[in-house]
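S.K.: Sequence:
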Amino acid sequence: MLINKNFIYMGKIKLYIFIMCIYIFFRVIFLKIMNRLKSINQINFEELKKSDTLFILGSGSSINDLSSSDWEHISKHDSVGFNFWFLHDFVPSYYVYEESLDQRRNDIFYEILDDKKELYKNTVFLVKDIERKGKTLHKIPSSIKNNFYLAPSVSFTSNFLDENKFFYMLNEIIPFLKKVNSNRIRLLFNRKASLIYIVMLSYLLGYKKVVLCGVDLNNNHYFFDDVKYNNYKKPDNSYINGVHPTNDIGNKDPMTVAQILEVLYFKFLYKNINLYILSNKSELAKFLPIYKLS
Numbered sequence: 354m355l356i357n358k359n360f361i362y363m364g365k366i367k368l369y370i371f372i373m374c375i376y377i378f379f380r381v382i383f384l385k386i387m388n389r390l391k392s393i394n395q396i397n398f399e400e401l402k403k404s405d406t407l408f409i410l411g412s413g414s415s416i417n418d419l420s421s422s423d424w425e426h427i428s429k430h431d432s433v434g435f436n437f438w439f440l441h442d443f444v445p446s447y448y449v450y451e452e453s454l455d456q457r458r459n460d461i462f463y464e465i466l467d468d469k470k471e472l473y474k475n476t477v478f479l480v481k482d483i484e485r486k487g488k489t490l491h492k493i494p495s496s497i498k499n500n501f502y503l504a505p506s507v508s509f510t511s512n513f514l515d516e517n518k519f520f521y522m523l524n525e526i527i528p529f530l531k532k533v534n535s536n537r538i539r540l541l542f543n544r545k546a547s548l549i550y551i552v553m554l555s556y557l558l559g560y561k562k563v564v565l566c567g568v569d570l571n572n573n574h575y576f577f578d579d580v581k582y583n584n585y586k587k588p589d590n591s592y593i594n595g596v597h598p599t600n601d602i603g604n605k606d607p608m609t610v611a612q613i614l615e616v617l618y619f620k621f622l623y624k625n626i627n628l629y630i631l632s633n634k635s636e637l638a639k640f641l642p643i644y645k646l647s
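Numbering of the sequence shown is given in this note's numbering, commencing with residue 354 and proceeding in unit increments.
Heads up, some of the hints might be wrong.
[As the list claims (entries may be wrong)] When the alpha-carbon atoms are kept at most 35 Å apart in a straight line, the in silico DSBU-like pairs for lysine-lysine are as follows: (1) Lys587 with Lys532; (2) Lys492 with Lys624; (3) Lys367 with Lys586; (4) Lys469 with Lys488; (5) Lys403 with Lys624; (6) Lys367 with Lys587; (7) Lys645 with Lys367.
In case anyone wonders, no lab produced these hints; they're calculated from the structure.
As the structure is a computational prediction, the values presented were derived from the model and not from experiment.
Please work from the sequences and hints to get the whole structure.
M.R.: Structure, rendered in structure tokens:
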């Protein structure tokens, strides 16, 4: 008797999700106890939201094209920065970060955070990738530690997850996440890049418009490579030439982050959110509309 290969594949996906959820449950408990941190399900996002529009703040060089009036517009809505965004002067509503496997990079992150802790005293921090990282969470400044929440995800970065299998996997994971997060956010989804994690978060939080800023992907130039940031503590940019590593098809994944986002949005999320790109310089401008700030 012939058995549908997709049926077998979906069975494997369900088993993987089940195992990951058990592991994440105990991992969160461990990190909460060891670091005295809270988890994302303790956040009432409805009380925090001030807009139905979310600006996702990436670190691409196109950020330097924005004017003070542009930032004034963005400040009227919700925003989320990630990774080394806090080198910029604009303070977002939320901040998503993950610890690196490179300890020096973690040290730089926490040094900058300590310098800026007063500016970020009202920002909510979501700590991702805790499934395999989180060894230096004790370095979070004590004065803002109450703002930090463990925000786990089921991750599907894989060198065998091609576009077809990814589509079938999303058919399974998105209904599951909607059920799990029906009244509070508990578990997120990620693949390859923080961008995918944050777009999925914006979908689960019910934002109607999501605007990607500084998500260029066609180069490795960051806004903080500009000379005005020369005196800042910042991570080394080892990928200065070529495309961004998350948009490299050979980076341990058969899909680029642009391809992942295109499938995720146009096959699943488009009915619930309108996704925009802010800069026409971005690789994503090939398939996303440009958001007009004025």
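S.K.: Does each hint hold? Answer for all of them.
M.R.: Hint-by-hint comparison with the structure:
no.	hint	verdict
1	Lys587 with Lys532	40 Å, violated
2	Lys492 with Lys624	41 Å, violated
3	Lys367 with Lys586	43 Å, violated
4	Lys469 with Lys488	22 Å, holds
5	Lys403 with Lys624	22 Å, holds
6	Lys367 with Lys587	40 Å, violated
7	Lys645 with Lys367	41 Å, violated
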